[in-house]
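Numbering of the sequence shown is given in this note's numbering, commencing with residue 1 and proceeding in unit increments.
No lab work stands behind these hints, which were simulated from the structure alone. Just so you know, even glycine gets a beta-carbon here, dropped at the ideal spot from N, CA and C. Just so you know, not all the hints are guaranteed correct.
What follows is a list of derived Cβ distance ranges for each label pair [as the list claims (entries may be wrong)]:
hint, residue 1, residue 2, range
1, Thr-67, Arg-195, 12 to 22 Å
2, Glu-87, Leu-124, 42 to 52 Å
3, Lys-26, Arg-125, 43 to 53 Å
4, Asp-242, Gly-270, 23 to 33 Å
Derived SDA-like pairs (lysine to any residue); straight-line CA-CA distance at most 25 Å [to be verified]:
hint, residue 1, residue 2
5, Lys-94, Trp-188
6, Lys-156, Leu-80
7, Lys-134, Thr-52
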Amino acid sequence: PKALSTIVIVGPTASGKTKKSIEIAKKYNAEVICADSRIVYKGFDIASAKPTPEEREGVVHHLIDITEPTKLFSAGDFALHASAAMEDIQSRGKNVIISGGTWFYITALLGAEKLPEIPQNPTLREGLSLKSSKELLDMLKSLDPKRAELIHVNNKDKIIRSIEMCKFLNTPISEHEREKNTPSGAIWYAIDTERDELYSRIDARVDLMFEQGLVWEFEKLMAKYGENEVISNTIGYRELVDYKNHNEAKDKIKQHTRNFAKRQLSWLSGNSDIRLIGLDEEIEIS
Numbered sequence: 001p002k003a004l005s006t007i008v009i010v011g012p013t014a015s016g017k018t019k020k021s022i023e024i025a026k027k028y029n030a031e032v033i034c035a036d037s038r039i040v041y042k043g044f045d046i047a048s049a050k051p052t053p054e055e056r057e058g059v060v061h062h063l064i065d066i067t068e069p070t071k072l073f074s075a076g077d078f079a080l081h082a083s084a085a086m087e088d089i090q091s092r093g094k095n096v097i098i099s100g101g102t103w104f105y106i107t108a109l110l111g112a113e114k115l116p117e118i119p120q121n122p123t124l125r126e127g128l129s130l131k132s133s134k135e136l137l138d139m140l141k142s143l144d145p146k147r148a149e150l151i152h153v154n155n156k157d158k159i160i161r162s163i164e165m166c167k168f169l170n171t172p173i174s175e176h177e178r179e180k181n182t183p184s185g186a187i188w189y190a191i192d193t194e195r196d197e198l199y200s201r202i203d204a205r206v207d208l209m210f211e212q213g214l215v216w217e218f219e220k221l222m223a224k225y226g227e228n229e230v231i232s233n234t235i236g237y238r239e240l241v242d243y244k245n246h247n248e249a250k251d252k253i254k255q256h257t258r259n260f261a262k263r264q265l266s267w268l269s270g271n272s273d274i275r276l277i278g279l280d281e282e283i284e285i286s
């Protein structure tokens, strides 16, 4: 029988990954695994630009709406769920498309054997939780400067988890990630987008989010869960926490999303194994 393919579609936020992955899935009898750190959460529909049921029609999507936004969903959690989904998809004779903008998730999945399952250390966590976010980030900088650069100072859960992993491995996590960045068997594509065009798409997307009811979605989540680490670390909600004036919040969401896209573009430019494709370009799977 013909070998099954694993296709990875990456690209910055608002570059058109969802549309492209659905188009390829329909053409090549594939199912889509969403590699996005916010699409996994129930209720995060508008802020995460989650593909709608209408968009997903005809293509099975995995790892959407699988958890409540009460705790951060780690790369290890993703790798566990996504590898089970991959086995399930391939057991039914279908190709796999992994689509998303959370690179750390994808490399954790496709190189998971390189990084052992790291258990939580309650004693260490208890001590760390007493420190401020800034003290924790400084500690992480001394253990793994590259990893520290990728985490926002307010993301205390993620900083604590990173320190825990470094101490368990006795080496920086980023050293393990370097080993994992060229996963075997998967063909990587990135949506090639001009920066100016991308920024225009981001601005239009944020305007649409407000039209679709982003503020209502945020208020509903706050009423149900209160302000927690997941909500306050999500672009689109964080700004509504910080700025009561909705126009000001909207401008900040656009700015923060552009900054995020800039970091994604920088990651892409450093990965020469990834093939760039235009949004309207066809790809051929042999």
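Hint by hint, here is what the structure shows:
1. Thr-67 to Arg-195: 12 to 22 Å: violated (33 Å)
2. Glu-87 to Leu-124: 42 to 52 Å: violated (33 Å)
3. Lys-26 to Arg-125: 43 to 53 Å: Given range 43 to 53 Å: holds, Cβ gap about 45 Å.
4. Asp-242 to Gly-270: 23 to 33 Å: holds (31 Å)
5. Lys-94 to Trp-188: holds (18 Å)
6. Lys-156 to Leu-80: Roughly 23 Å separates the two Cα atoms, so the pair holds.
7. Lys-134 to Thr-52: Given that 25 Å is the threshold and the Cα spacing comes to 38 Å, the pair is violated.
Hint compliance for this structure: hints 1, 2, 7 are broken, all remaining hints hold.
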